[in-house]
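2 protein chains.
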Amino acid sequence: MKDLMIALQSGKTSLYEQIYLSIKRDIEDGKISFGEKLPSTRLLAANLNVSRFTVDLAYSQLVSEGYIQSRAGSGFFVCDLSNLYSGISGAKTSAEGEATGKAQKEAPPCSVRIDFSPFAVDSAQFPYNTWKKRNREVFDEITDILVAREAAGDHSLRETIANYLYHARGVHCTPEQILVGAGNEYLLLLLVQILGGGRSVVMENPTYLQAYHVLCRAGCQVRVGEMDEDGLCCGSLDRGPVDVVYVMPSHQFPVGAVMPFSRRQELLDWAKAAEGRYIIEDDHDSEFRYVGKPIPSLQSGDQDDRVIYFGTFSKSISPALRMSYMVLPRHLSERFYEQFDFYSSTVPTQQQLAVCRFMQSGDFERHLNRMRRVYKAKHDFLLKELKQRPWVKKVRGENAGLHLVVEVSCACTEEELLEAALQKGVRVYGMNSYRIGPVEQTEPVTLLLGFGGLSEKELSEGLAVLDGLLDAGS
Amino acid sequence: MKDLMIALQSGKTSLYEQIYLSIKRDIEDGKISFGEKLPSTRLLAANLNVSRFTVDLAYSQLVSEGYIQSRAGSGFFVCDLSNLYSGISGAKTSAEGEATGKAQKEAPPCSVRIDFSPFAVDSAQFPYNTWKKRNREVFDEITDILVAREAAGDHSLRETIANYLYHARGVHCTPEQILVGAGNEYLLLLLVQILGGGRSVVMENPTYLQAYHVLCRAGCQVRVGEMDEDGLCCGSLDRGPVDVVYVMPSHQFPVGAVMPFSRRQELLDWAKAAEGRYIIEDDHDSEFRYVGKPIPSLQSGDQDDRVIYFGTFSKSISPALRMSYMVLPRHLSERFYEQFDFYSSTVPTQQQLAVCRFMQSGDFERHLNRMRRVYKAKHDFLLKELKQRPWVKKVRGENAGLHLVVEVSCACTEEELLEAALQKGVRVYGMNSYRIGPVEQTEPVTLLLGFGGLSEKELSEGLAVLDGLLDAGS
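Chains as they are written, first to last, in the working numbering: chain G, 1 to 474; chain U, 1 to 474.
The set of hints was computed from the structure by calculation and includes no laboratory data.
A few of these clues could be false.
[To be verified] Dumping the calculated EDC-like pairs for lysine to aspartate or glutamate here, alpha-carbon to alpha-carbon at most 16 Å:
| id | chain 1 | residue 1 | chain 2 | residue 2 |
| --- | --- | --- | --- | --- |
| 1 | U | Lys376 | U | Glu398 |
| 2 | G | Lys272 | G | Asp304 |
| 3 | U | Lys133 | G | Glu137 |
| 4 | U | Lys394 | U | Glu407 |
| 5 | G | Lys133 | U | Glu137 |
| 6 | G | Lys424 | G | Glu461 |
| 7 | U | Lys133 | G | Asp140 |
| 8 | U | Lys132 | G | Glu141 |
| 9 | G | Lys132 | U | Glu141 |
| 10 | G | Lys132 | U | Asp140 |
| 11 | U | Lys132 | G | Glu137 |
| 12 | G | Lys133 | U | Asp140 |
| 13 | G | Lys132 | U | Glu137 |
All figures in this text were calculated on a predicted structure; none of them were measured in a lab.
Construct all of the structure, not just a fragment, from the sequences and the given hints.
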């Protein structure tokens with residue numbers, strides 16, 4: 001039996017891939033030759049101090065590519081290489097390219113110590129025990145937990161969401177208008193089908209770029225709307241055919257602006273002025289407002305069934321839930337039930353029922369109240385710290401949400417700054433990553449600093465790294 | 001304060017809607033007039049013996065439609081009806097239409113005692129304790145449970161699926177080729193985008209009709225392929241432009257046929273003969289085969305990266321999981337990572353990790369082995385019972401899956417038979433519901449009898465009802 005020399009490195013590619021690549025290379029280089037027996041998976045796992053499963057996977061891959069074969073009861077043997085490439089030409093480079101691609105794309109750089117993601121929530125403060133309790137109740141008390149729910153989502157959950165939306169956001173709707181789905185992107189795909197293909201959509205810029213990509217890929221013509229300090233300019237909407245406007249009036253992402261009442265009214269008037277016009281209101285983080293009264297949703301002022309309201313549990317509970325909902329105007333929800341309810345629900349029954357109980361029991365409201373305090377403390381801390389920085393020119397988007405928008409004085413470009421911070425283990429986000437189309441060179445370097453997932457200590461550490469980069473650079 | 005007369009009926013529409021409709025009618029009919037105070041939600045809930053939440057919802061709806069208003073601290077009062085219809089013309093009929101539509105579409109008829117659904121699994125035999133244990137472990141042992149996973153799904157889960165697929169189905173793939181998603185329909189939508197719009201797809205007929213609808217809605221040209229007893233005829237594929245063939249070679253749904261080796265090879269040869277041709281292999285229930293050796297997947301014989309393999313946990317675990325996966329050829333998975341990984345994962349992290357542990361621990365295999373025995377017993381029982389029936393002309397699709405296909409002698413049409421059974425509380429499914437396009441009058445009446453979710457006692461009861469209908473009718 002052949003002894004294998006495999007040196008595993010941490011953090012590059014997965015262990016099984018390293019084992020697979022190492023053995024493959026040895027076979028190709030002739031270091032292990034035709035007919036030789038490989039060590040048993042048990043032995044190799046013990047030698048390399050990895051799980052047997054990892055070795056199994058590497059061997060499976062080698063078998064599937066014809067490098068080795070399994071003989072029942074005797075183990076794994078190297079195949080005759082001479083006919084290896086007959087059926088799988090091209091497979092080699094493609095597999096290698098993929099392994100590399102994966103390391104770049106999937107494995108988070110191990111060196112990121114502090115991530116200012118605007119989408120992270122505070123894991124330390126999550127009410128795990130309550131959440132576990134609700135999940136347990138669902139298991140113990142619900143008899144039909146193995147039955148998939150209606151296409152639009154479990155009816156009791158939709159009733160609960162309708163009630164919550166009415167009280168928290170002034171949204172007027174019946175449960176029948178609500179579609180629960182596995183995230184905003186999925187619901188947008190579905191909405192495009194309900195509206196019918198080829199719609200012209202106007203978006204704010206910068207914006208939530210995932211929605212932009214989804215709309216483009218789903219066959220919409222998407223263009224950027226003219227903006228002023230109050231948000232999207234409605235006058236510009238009449239300059240070309242526009243069917244749908246996608247806005248975030250309560251707290252624009254990423255800029256953080258709040259659309260004033262007059263502009264909302266203009267937008268509603270625009271929608272009402274012609275058949276088939278709609279406004280998509282993405283109300284992504286309105287749960288977290290730290291100053292003044294909550295701003296009612298645009299949908300609450302819609303008398304003409306033109307607003308499609310999007311809400312999500314990604315920030316109010318967790319992005320790992322993958323659970324959002326949209327509220328359709330009545331005629332669109334009828335269209336859904338008539339033409340589209342062949343789509344199965346995309347959210348697991350267990351989770352729909354757990355969220356429903358989490359809301360009905362008051363846990364959700366208690367959690368939101370608590371997190372509002374937690375996030376406000378972080379928000380205030382970060383804001384105070386930023387205001388002491390000489391490199392901070394302007395802070396925008398305060399008073400709500402889980403990130404701040406910071407214009408910085410900086411000798412380098414935004415992309416260079418992000419890269420320099422990353423080299424020091426700090427991931428920050430730049431406004432340019434959220435812009436549609438080419439970036440004007442005159443735009444000031446602007447960072448998005450998410451604080452939801454970071455402690456005060458981590459926020460300070462992250463800022464210290466930026467100090468090092470920007471005090472020198474400015 | 002006005003006393004309300006509300007008579008609740010069970011099972012028609014939801015309680016809150018009945019309350020809402022009843023009060024609305026009373027206001028419109030003038031039984032309760034402008035300025036009158038409604039009973040408090042607490043009182044009305046107590047009187048009607050419903051939850052306060054239900055009444056809250058009914059009142060919210062009445063408020064949102066302008067029938068009543070809330071005065072802080074004093075309760076709910078009826079509004080002046082004279083200006084009710086100023087801003088919401090049309091809302092009334094649309095709301096009523098919807099309420100009716102909902103009752104028809106959503107509420108399962110309460111009278112269905114026995115449902116022969118081909119998609120139901122055996123809830124009584126589900127390993128709840130093991131499943132709960134794996135969920136608990138995920139909570140207790142995984143620190144980043146609140147972090148959403150990669151677009152394609154958690155990497156350890158994909159490794160585990162790759163390993164399972166290799167051993168169970170002979171599927172050759174790396175974890176990078178696997179995309180985990182919230183059900184086959186979502187993954188099909190994604191696949192159409194990855195392949196590029198406007199593809200011509202050929203499907204078997206009858207087939208899994210949800211896939212047909214999804215492909216049509218996503219902009220594909222879908223047509224029906226010519227069939228013989230071995231399945232899809234490859235000769236007919238050359239008669240028009242075809243990019244993609246959608247087949248279920250291991251156990252065709254709903255017919256239950258197994259595609260023989262020679263036909264598989266023809267299909268693979270067809271795909272290989274021109275650039276851009278693909279085969280979608282929907283391997284929906286191959287876990288449950290009761291006779292002979294498992295049939296390897298079509299993907300296992302694909303040397304040219306032309307097969308896109310679809311698998312699901314809907315039958316092997318539960319349809320309520322909403323969890324499927326597709327295995328892309330390498331160049332398509334590269335395209336996904338390059339152009340489409342802006343899509344977030346559609347499966348909750350908690351569930352991805354629970355399924356991963358369920359598989360890694362051996363629970364999944366034990367569950368499958370057990371369910372294979374359980375379903376085989378039901379399958380054999382139903383088959384034996386059917387063979388004793390004079391009205392059974394032919395049974396097809398035996399030996400695998402969770403349903404049998406039964407040709408019956410019947411004086412009425414298939415649709416009439418389904419309706420007559422439903423009147424007696426038994427839901428059976430007809431082959432015509434799975435056919436694309438118009439149904440030929442010459443087709444024999446053919447039932448799909450799913451047995452997964454029914455006990456032997458229920459199977460007997462259901463068959464007795466069919467006896468009553470068919471012994472008389474034949």
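Evaluation of the provided hints:
1. Lys376(U) / Glu398(U): holds (10 Å)
2. Lys272(G) / Asp304(G): holds (7 Å)
3. Lys133(U) / Glu137(G): holds (14 Å)
4. Lys394(U) / Glu407(U): Holds. Lysine 394(U) to glutamate 407(U) sits at ~5 Å (cutoff 16 Å).
5. Lys133(G) / Glu137(U): Holds, because 14 Å separates the two Cα atoms, which is no more than 16 Å.
6. Lys424(G) / Glu461(G): holds (11 Å)
7. Lys133(U) / Asp140(G): Holds, at about 13 Å.
8. Lys132(U) / Glu141(G): holds (13 Å)
9. Lys132(G) / Glu141(U): holds (13 Å)
10. Lys132(G) / Asp140(U): Holds, at about 10 Å.
11. Lys132(U) / Glu137(G): Between lysine 132(U) and glutamate 137(G) the Cα gap is close to 11 Å, so the pair holds against 16 Å.
12. Lys133(G) / Asp140(U): OK: lysine 133(G) and aspartate 140(U) at ~13 Å, within 16 Å.
13. Lys132(G) / Glu137(U): Measuring from Cα to Cα gives roughly 11 Å; hence the hint holds.
In this structure, every one of the numbered hints holds.
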